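Colleague: Here are the chains, one letter per residue:
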Amino acid sequence: MHGSQIEAFVEDGDGVVILRGEHDIATTPDLRAALGRVRTGSDRILIDLGACEFLDSSVLGVLIGELRHARERAGVLIILLPRDHASPVRRTLELTGLLDVFDVRESVI
Amino acid sequence: MHGSQIEAFVEDGDGVVILRGEHDIATTPDLRAALGRVRTGSDRILIDLGACEFLDSSVLGVLIGELRHARERAGVLIILLPRDHASPVRRTLELTGLLDVFDVRESVI
Amino acid sequence: MRLLRICLAPQPEEVAMVRQAISGVGEALGLSPRLLSDVKLATSEACTNAIVHAYEDGERGAGTLVVLAAKAPDALVVTVTDGGRGIAPRIDSTGLGLGLPLIAALSRSLVIREGPGGGTEVEMTFGLVEDPVP
Amino acid sequence: MRLLRICLAPQPEEVAMVRQAISGVGEALGLSPRLLSDVKLATSEACTNAIVHAYEDGERGAGTLVVLAAKAPDALVVTVTDGGRGIAPRIDSTGLGLGLPLIAALSRSLVIREGPGGGTEVEMTFGLVEDPVP
Ligand SMILES: Nc1ncnc2c1ncn2[C@@H]1O[C@H](COP(=O)(O)OP(=O)(O)O)[C@@H](O)[C@H]1O
Ligand SMILES: Nc1ncnc2c1ncn2[C@@H]1O[C@H](COP(=O)(O)OP(=O)(O)O)[C@@H](O)[C@H]1O
Chain A
1 MHGSQIEAFV
11 EDGDGVVILR
21 GEHDIATTPD
31 LRAALGRVRT
41 GSDRILIDLG
51 ACEFLDSSVL
61 GVLIGELRHA
71 RERAGVLIIL
81 LPRDHASPVR
91 RTLELTGLLD
101 VFDVRESVI
Chain B
1 MHGSQIEAFV
11 EDGDGVVILR
21 GEHDIATTPD
31 LRAALGRVRT
41 GSDRILIDLG
51 ACEFLDSSVL
61 GVLIGELRHA
71 RERAGVLIIL
81 LPRDHASPVR
91 RTLELTGLLD
101 VFDVRESVI
Chain C
1 MRLLRICLAP
11 QPEEVAMVRQ
21 AISGVGEALG
31 LSPRLLSDVK
41 LATSEACTNA
51 IVHAYEDGER
61 GAGTLVVLAA
71 KAPDALVVTV
81 TDGGRGIAPR
91 IDSTGLGLGL
101 PLIAALSRSL
111 VIREGPGGGT
121 EVEMTFGLVE
131 DPVP
Chain D
1 MRLLRICLAP
11 QPEEVAMVRQ
21 AISGVGEALG
31 LSPRLLSDVK
41 LATSEACTNA
51 IVHAYEDGER
61 GAGTLVVLAA
71 KAPDALVVTV
81 TDGGRGIAPR
91 IDSTGLGLGL
101 PLIAALSRSL
111 VIREGPGGGT
121 EVEMTFGLVE
131 DPVP
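Chains as they are written, first to last, in our numbering: chain A, 1 to 109; chain B, 1 to 109; chain C, 1 to 134; chain D, 1 to 134.
These are computed hints drawn from the structure, not numbers from a lab.
Remember, predicted model here, so these are calculated numbers, not experimental data.
One or more hints might be untrue.
[Stated by the list, open to error] Pulled a few chain D residues facing chain A out of the computed Cβ check, cut under 10 Å: (1) A88; (2) P89; (3) R90; (4) I91; (5) D92.
[Said to hold, decoys possible] Label-pair ranges, simulated between beta-carbon atoms: (6) B:D103 <-> C:A28: 52 to 60 Å; (7) B:V76 <-> D:K71: 29 to 37 Å; (8) D:Q11 <-> A:E94: 26 to 34 Å; (9) C:D74 <-> B:I78: 50 to 58 Å.
All residues carry an ideal CB built from backbone N, CA and C; glycine is no exception.
All chains should be modelled from the sequences, with the hints used to inform the complete structure.
Modeller: Here it is in structure tokens:
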């Protein structure tokens, strides 16, 4: 699948954004908008990359921006990663040192 | 001359820092300290590069940091450049687009 | 040996297509899944840089972006060329500066030079088998 | 033809010495003042990157930094090699990310590859006369 999809909702007070498929400079505006929607009123944001097949450095830029937002308002940002440890998404976060920067958990998708 | 020298003083309420010679990663700690000394109590900082023969991107990093400081406290940062338009220092600021970012004047050194 | 040549508009929506094309090339060469994803990411980053940095906002419409892939004896060489203003640091870049070091980390070698049309040519060489120490 | 080879400790205080040495090389080749200052700045940035990024804080003491200069038919080639951890993006870099694009802007071509000892080799090629369009 080479499409991309973004789902955003609030559940039990948590803002949840699910990325599916491939995400890059073309989808970061939608991602930013989705985060803006769920951010209001949620102290905890979950970004679920369990079904994300690709992300580039511009998406990482949005994730880091979100982490700064979260820290400024003493909120929490959690990144959920594909369970497959060989997934490209995991490797990209590892190469950029971001596995150590984010609060990272395993996705159940 | 391949040495480097930093002079810092307050004059008429302005914080003045004069860089002479070559400045790089080895001299940025002294530059930061000098700026810290003159910053207190001065709304206007002048960094005089009129006798600066070389600066690298780590010095530019300090200058940009100082510009942020200045903006945060609604102060002013002025960069004085060598009169020689072919000077390496001018070219470095030009290449990095910083001639348009800083308030730039001509040095009388 | 040339494996791929695509000319495209330097627009964000085009990058996914480049990744798909370069994946096809990599699969045909029998690259491992990890190498394949490295080639995709590096190529994607190089295209994104051309799209974001090579052209002034108003000039992207007339801009060009060419992606070439060629097989060397034991390597895949991917070249991304724009016809833009040439590489230079931009203090007001909204990016994090991850692109170039990421490409350098993903490739066996990275060459940056002026393109034939005055823009930037980014040439990335990848091994066909994974290096012993990853 | 090799013009220079210096091995030095990857320490901030050493960079001025490298600039002085490479200036001597450039002057001997009759480079224009502008080319000379471009070579100095690019070489300085490459050394600084090796000093700042190649080694973990505790390991710089045992680190190496080698600067080579060689003359090609119509070019000066400067190579800066460290024995560090290899190039990769570092999100916590305190730098502005100006170094690599600045080197690319200053040089005719920039090559980044793994060094023989596993670190990073940065090869910068400069023309011996200024390009017609600066
Ligand atoms: N194709 C290009 N054309 C012009 N400038 C470029 C190009 N690619 C990269 N650059 C310059 O190099 C800088 C560093 O690029 P990169 O490491 O990808 O970081 P980022 O894109 O986050 O700024 C960019 O900010 C830009 O100034
Ligand atoms: N010799 C090197 N060894 C390891 N990593 C390097 C080296 N040179 C550059 N890098 C990586 O490339 C990134 C970009 O370098 P540069 O453009 O000079 O920006 P900065 O030094 O301001 O971060 C650095 O943050 C670092 O992660």
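Colleague: Against which earlier hints does the structure fall short, listed by number upward?
Modeller: 7
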